[in-house]
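Participant: Spelled out, the chains give:
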Amino acid sequence: MTSPLLADLLIPAGKIVAVILYPMVMVIVMIWLERRVVALIQGRLGPNRVGFQGILQPFADAAKLFFKEDIIPRDADRFLFRVAPVLVMFSSLLAFAFVPLGEPLRLGSYTLTLWIADSPVGILIVLGLSSISVFGVIFGGWAANSKYPLMGALRSVVQVLSYEIPTGLTVLSVCYIARSLDLVEIVRRQEEAGVWYGFLLPVSFVVFWISAVAETNRAPFDLPEAESELVAGYHTEYSGMKFAYFYMAEYTHMVLVSSLVVLLFFGGWLPPFPSVKALAVLHKIPGFIWYLIKIMFFLYVYVWIRATFPRYRFDSLIQLVWKWLIPLALLNLLVVAVLRFLL
Amino acid sequence: MAFKEIELNMGPQHPSTHGVLRLKLAVDNEVVLKVEPILGYLHRGMEKLWESQTYTQIVPLTDRLDYLASLSNNLGYVLAAEKLAGIEVPKRAQVIRVVLAELQRLASHLAWVGFMANDIGAMSILLYSFEQREEILDIFEEYIGGRLTVHGIRLGGVPRDLDAPLIARIKTVLDRIPHTLGDIQALLNENRIWKQRTVGVGLISPADAVERGLTGPPLRATGVARDMRKDFPYSSYDDFEFDVPVGRHGDVYDRYLVRLEEINQSIRLVRQALEALPPGEFRAKVPRLLKVPAGEVYHAIEAPKGELGFYIRSDGSEKPERIKMRSPSFINLQSLELMCRGNLFADVVGILGSLDIVLGEIDK
Numbered sequence: 002m003t004s005p006l007l008a009d010l011l012i013p014a015g016k017i018v019a020v021i022l023y024p025m026v027m028v029i030v031m032i033w034l035e036r037r038v039v040a041l042i043q044g045r046l047g048p049n050r051v052g053f054q055g056i057l058q059p060f061a062d063a064a065k066l067f068f069k070e071d072i073i074p075r076d077a078d079r080f081l082f083r084v085a086p087v088l089v090m091f092s093s094l095l096a097f098a099f100v101p102l103g104e105p106l107r108l109g110s111y112t113l114t115l116w117i118a119d120s121p122v123g124i125l126i127v128l129g130l131s132s133i134s135v136f137g138v139i140f141g142g143w144a145a146n147s148k149y150p151l152m153g154a155l156r157s158v159v160q161v162l163s164y165e166i167p168t169g170l171t172v173l174s175v176c177y178i179a180r181s182l183d184l185v186e187i188v189r190r191q192e193e194a195g196v197w198y199g200f201l202l203p204v205s206f207v208v209f210w211i212s213a214v215a216e217t218n219r220a221p222f223d224l225p226e227a228e229s230e231l232v233a234g235y236h237t238e239y240s241g242m243k244f245a246y247f248y249m250a251e252y253t254h255m256v257l258v259s260s261l262v263v264l265l266f267f268g269g270w271l272p273p274f275p276s277v278k279a280l281a282v283l284h285k286i287p288g289f290i291w292y293l294i295k296i297m298f299f300l301y302v303y304v305w306i307r308a309t310f311p312r313y314r315f316d317s318l319i320q321l322v323w324k325w326l327i328p329l330a331l332l333n334l335l336v337v338a339v340l341r342f343l344l
Numbered sequence: 016m017a018f019k020e021i022e023l024n025m026g027p028q029h030p031s032t033h034g035v036l037r038l039k040l041a042v043d044n045e046v047v048l049k050v051e052p053i054l055g056y057l058h059r060g061m062e063k064l065w066e067s068q069t070y071t072q073i074v075p076l077t078d079r080l081d082y083l084a085s086l087s088n089n090l091g092y093v094l095a096a097e098k099l100a101g102i103e104v105p106k107r108a109q110v111i112r113v114v115l116a117e118l119q120r121l122a123s124h125l126a127w128v129g130f131m132a133n134d135i136g137a138m139s140i141l142l143y144s145f146e147q148r149e150e151i152l153d154i155f156e157e158y159i160g161g162r163l164t165v166h167g168i169r170l171g172g173v174p175r176d177l178d179a180p181l182i183a184r185i186k187t188v189l190d191r192i193p194h195t196l197g198d199i200q201a202l203l204n205e206n207r208i209w210k211q212r213t214v215g216v217g218l219i220s221p222a223d224a225v226e227r228g229l230t231g232p233p234l235r236a237t238g239v240a241r242d243m244r245k246d247f248p249y250s251s252y253d254d255f256e257f258d259v260p261v262g263r264h265g266d267v268y269d270r271y272l273v274r275l276e277e278i279n280q281s282i283r284l285v286r287q288a289l290e291a292l293p294p295g296e297f298r299a300k301v302p303r304l305l306k307v308p309a310g311e312v313y314h315a316i317e318a319p320k321g322e323l324g325f326y327i328r329s330d331g332s333e334k335p336e337r338i339k340m341r342s343p344s345f346i347n348l349q350s351l352e353l354m355c356r357g358n359l360f361a362d363v364v365g366i367l368g369s370l371d372i373v374l375g376e377i378d379k
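These protein sequences, in sequence, are chains A and B. So my numbering is basically just the index in the first sequence, starting at one, shifted up by 1. So my numbering is basically just the index in the second sequence, starting at one, shifted up by 15.
One should not assume that every hint holds.
Said to hold, decoys possible - Restricting the straight-line Cα-Cα distance to at most 27 Å, the calculated cross-link-like pairs of lysine-lysine (DSS-like) are:
1) B:Lys300 / B:Lys98
2) B:Lys49 / A:Lys148
3) A:Lys148 / B:Lys39
Stated by the list, open to error - From chain A, some residues computed to sit far from chain B (all C-beta separations above 10 Å):
4) Tyr23
5) Gly44
6) Lys65
7) Phe82
8) Leu115
9) Ala118
10) Glu193
11) Gly195
12) Gly288
13) Tyr301
14) Thr309
15) Lys324
16) Leu334
These are calculated hints, taken from the structure and not from any lab test. Being a predicted model, the structure only gives us computed values, none of them experimental. We put the CB at the ideal spot given by N, CA and C, even for glycine.
In isolation and in its complexed conformation, chain A is listed as follows (with noise of 0.2 Å):
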């Protein structure tokens, strides 16, 4: 049943916009997730009218930003400025060619690789580009030509830069655990050891998450958009879908972020308690919802923070990574490392 056409060209292009698509559907659910979570925790209602349960609100909200007028500041940069929230965009989303959904499915004699790109050092592209995204941040900021998101931007990259320390040191003791910067790989080292990675190596789980939290400017570690400071930080200036632009790209890289931390410590699509019998019955559920559940977890979990904690200042948040998180990760790295030879 393979035909030359169907596997080379149609599956492929299916697969891309089926990559494109996944990110986008995650959004959307994530949008309404975090405000009617947020609503919930604030003992609000948040929205419920569009759809059921207000499910159909951030179409309703695109389909506004759609129709609002594009302002672009008369001393803007008008190239980079154009340019900085497709930079974010893209590099959110070409990440996820390199994510993979699951184990390969097999169709008849056809293999369906749930990836697009099947790399053996993947994470590393994956974060590398991920980090592309702070040039969008900065563009952003600079291009509009004001001191709002001027200053915005110049806090995100030093975030973004300080906390991508701990997050690669996280990683690497990962790797060195699996053997392996294969994504899929990781995820199969962790079925054969019989331990999810983040019950393994707790510290490098928590560090990863915090950096993860701080990399995607989500509270409380926003300050890049810190709405009581900055008005709205680097995009204070954009309006209409550039706006939106950021906006889904926060939410897409909250996404991928997610995606990670279940892939990396928590065993991306296997089922939990593989050893115990009476619930095998777990394994029957496929792969990919558990794969779902566990990232919109995380992502729960990013919305009950928001709700939760007040902002950090620029001060001290750079103090925590640097005079505790990166020491923790290098000490968590030199155990992991030590033990790793030992045993």
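Add chain B to chain A, keeping to what the hints say.
Facilitator: For chain B alone, kept in the frame of chain A given last:
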């Protein structure tokens, strides 16, 4: 990147200047060098307007000053006018006024906690505290009909008596507030981020505070136990027992603690006042067109924001010759630059929030 001293404009349209305040900041990177408040965006010429109104007509206009504590404004003006006119207010009316003013203080402080937390970035607190504030506003609505601009205190007394169902309702609301307060304290008091953002931020020494005329909770946070209710008791505040909470360091955190404790003290005051409600008239007979003998008077009360004083000069007619208002927000704002200098830009928002300013009162 070396950029020295840039000038940053904050407001009048800015999410956390609490209205239409404009701040001209000079910052070096993120460190604040200079803060210059620019006022007048909400100026309505209140003091001049009052000169063309009769004494009775002025009362509802005072609602629009500190719109988060309109009853306190009513009380401040009415007490000054009564003092000048020599009106004796019945005891029952005085106690009802205490109940209303303290409920208003509760509403104002609860709103403040929410705004303050929101400025620091904890968004949920606002909703929790507003839920309770809402219930207090419901009481006002049941009492006289208004919620925000209440106009609940009249010359010579209060417009309505407190009846049994309303008293019962006030008591149930009072019972609920400590729970919300406990939640807020659990979320903030020992929260590391909250403490990092508030402890040692916006410091002011007692001497500087007194020199700049700082009053209200920001002054008491420095350790000066100045409270008009205790020092110059009015409206039979001296009949009731309450403490004046003071801080020690004069930073944002102490202002927060002082205000939270004041909420407890206000609850205590309202409870006592409701128990000790004396029988009698709730309003003295005051002619509709009140003619006040010539003379001048200054009377100050402890409004939620600080010392709220009214100076009235009368020429013997039915309209005042001149009214000058000492609005606490306006005078407290003078200390802003001293508190902000040397702090980080992000702290300006927190310090401004901790002063609890209301633009309706600053611009009059």
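Participant: Hints first: check each against the structure and report whether it holds.
Facilitator: How the hints compare with the structure:
Note on B:Lys300 and B:Lys98: the hinted pairing holds, with a Cα-Cα distance of about 15 Å set against a maximum of 27 Å. Taking the CA atoms of B:Lys49 and A:Lys148, the gap is near 17 Å; set against the 27 Å cutoff, the hint holds. In summary, the hint linking A:Lys148 to B:Lys39 is supported, as the alpha carbons are separated by about 13 Å, within the 27 Å threshold. For A:Tyr23, the condition that its CB be more than 10 Å from all CB atoms of chain B holds, with the nearest at approximately 30 Å.
Under the 10 Å C-beta cut-off, the non-interface status given to A:Gly44 relative to chain B is violated; the minimum distance is some 6 Å. Residue-level check passed: A:Lys65 sits 20 Å from the nearest beta carbon of chain B, beyond 10 Å. Remark: the non-interface label on A:Phe82 is consistent with the geometry, its nearest Cβ contact in chain B lying 20 Å away (cut-off 10 Å). No Cβ of chain B comes within 10 Å of the Cβ of A:Leu115; the nearest lies about 38 Å off, and the non-interface call holds.
At the 10 Å boundary, the C-beta of A:Ala118 stays outside the reach of chain B, the nearest C-beta of that chain being 37 Å off. Even its closest Cβ contact with chain B, about 40 Å, leaves A:Glu193 beyond 10 Å, as expected for a residue assigned away from the interface. The beta carbon of A:Gly195 sits about 37 Å from the closest Cβ of chain B, which is more than 10 Å, so the claim that it is off the interface holds. Look at A:Gly288: its CB is around 36 Å from the nearest CB on chain B, clear of 10 Å, so calling it non-interface holds up.
At roughly 15 Å, the least C-beta separation between A:Tyr301 and chain B is larger than 10 Å, which holds for a residue marked as non-interface. A:Thr309, annotated as away from the interface, has a beta carbon of chain B within 10 Å; the closest lies near 7 Å. For A:Lys324, the condition that its CB be more than 10 Å from all CB atoms of chain B holds, with the nearest at approximately 13 Å. Look at A:Leu334: its CB is around 26 Å from the nearest CB on chain B, clear of 10 Å, so calling it non-interface holds up.
This entry does not satisfy hints 5 and 14, going by the numbered hints stated previously.
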